[in-house]
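Hey, can you work out the whole structure from these sequences and the hints?
Now for the letters of each chain:
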Amino acid sequence: MEKRVVFRSAWLPYLLVAPQIAITVVFFFWPAVQAIWYSFLLQDAFGLKTQFVGLQNFVTLFHDPHYLQSFKITAVFSVLVAGSGIVISLVLAAMADRVIRGALAYKTLLIWPYAVAPAIAGVLWAFMFAPSIGIVTYALKKMGVDWNWVVNGEQAMLLVVIAAVWNQISYNFLFFLAGLQSIPRSLIEAAAIDGAGPTRRFWSIVLPLLSPTTFFLLVINIVYAFFATFGVIDATTQGGPAGATQILVYKVFYDGVKAGDLGGSSAQSVVLMFIVITLTVIQFRFIERRVQY
Amino acid sequence: MVENRPVLNFFAHAVLILGAVVIAFPLYVAFVASTLPYEDIVAVPMPLIPGDQLLENYGQVLLHGSTKGSGAAVSRMLFNSMVMALVIPVGKIAISIISAFAIVYFRFPLRNFFFWMIFVTLMLPVEVRIIPTFQVIADLHMLNTYAGLTLPLIASATATFLFRQFFMTVPDELAEAARIDGAGPMRFFWDVVLPLSKTTMAALFVIQFIYGWNQYLWPLLITSEESMYTTVIGISRMIVGGDAATEWHLVMSTALLAMLPPALVVLVMQKWFVKGLVETEK
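Top line first, the protein sequences correspond to chains A and B. Under this note's numbering, the first residue of the first sequence is numbered 1, with each subsequent residue one higher. Under this note's numbering, the first residue of the second sequence is numbered 1001, with each subsequent residue one higher.
It should be emphasised that the hints constitute simulated quantities derived from the structure, not laboratory data. No incorrect hints appear here.
Pairs of lysine-lysine residues, derived as DSSO-like cross-links and limited to a Cα-Cα distance of at most 27 Å, are as follows: (1) 1198/B / 1275/B; (2) 1198/B / 107/A; (3) 258/A / 1068/B; (4) 3/A / 1198/B.
Okay, here's the thing in structure tokens:
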């Protein structure tokens, strides 16, 4: 896409892009290049000497059982967050698309969690599930469930998944609702005339037509689970207990900032960079395809 | 509605009400906790009816902060959050609209190169360049400053794309007419492009306000002085570990104060919010 009518100036366009390019170079490119450079360096225990070690950091990384474990945890976490988030929001959106009375009120009641910072979402749920004083913990105990996410890794994972999904439902909901409302009414009516009931129509017409939206949300939710949930984890489990909720981003932060392992943390950053690039490419490929529909 | 099915309608309402209640429950518990004295919260189970300590708790956090964790006053943190929530969207909109204008309305060498550079930033979130970015900020002496908190976050590929996309839909005749009338590019920008972009700007503002207010990792990295904490950081600093040791009544008061501004923006500007959300995601 190009404009037919353009202005001419030898210096003005450079001046206009200068602020954005300056910030991009200083805060994006320079640090990214450094991250790649650091990932080839090894620092001694006292941080006095650094030497170039080539791909050694990466080799060490992929032989580190903790790192591989963190990969697995991230995979489980993002599948749980994306899967349950999408299913719950789709159900809510399908119902909201049906009702006429009170539609706006429901919408308002369902979208506000988007405004809550992930760290705060984590704190709210951690409080309700607090092992000794939490209100939900109390209810669970009455039902005979022993709940203590501070020592139980699976329960810690469940807690961060719940908080992360709660925070992301509104986003998915709005996209599904927009998707549902763009399905032509005539298709639904034609199916109804042919005798298809609501369930049949949902599975055979609505769901296939929603597949672009669903795929888009799948990518977005995986990106969300990979990166934006840092706040949820840091404000609640801090990767614990015993690394049970230590997702990749948290490990980069922990190894680099708290443990001071420059080379190892940078190598992890570079791996993450590859993951982001892959996800972005998938997303854009898909969006190009969607345009042709 | 295709046909009338009372049972299904009832079911739909039931599901939605259940969803709304479950989603609102943590908020309600937080609100109740923020109105109770400390003793009531640690007494299991905590009451689910609001208490009478609302003014005391909020007054305490706004003026003095918590007593066991971070002792910084939350009013200061709210101010810091507000700085981030206002400077980031305004800065982002300002630099993105002019760079998009340059890329759409001019032909110049390196144009595609610049566009490509902006595009690539999409693939470099803060999370993947934590330590080097921290070092850049430290080298520039911007730790614990408002410039350090905001400047690195105002570059945005999505905002530039959004403006570029919008400019492509502006009829060429407008630029032609402006040129025939002897208007230069900047005159055209101020008198035609800017007024036309109002809707896009409003939508972006809402999304970026929430983005700026809710920042976590970035302020966590570059602020070490309590006077520069944002509200969200302040909350995590108030949790001192151990259920009963944390002053939950103060944590929850702060959490509600931290949720209020972005929630109000979402609810009051709902129309722009939905537009911004759906459009910024390409």
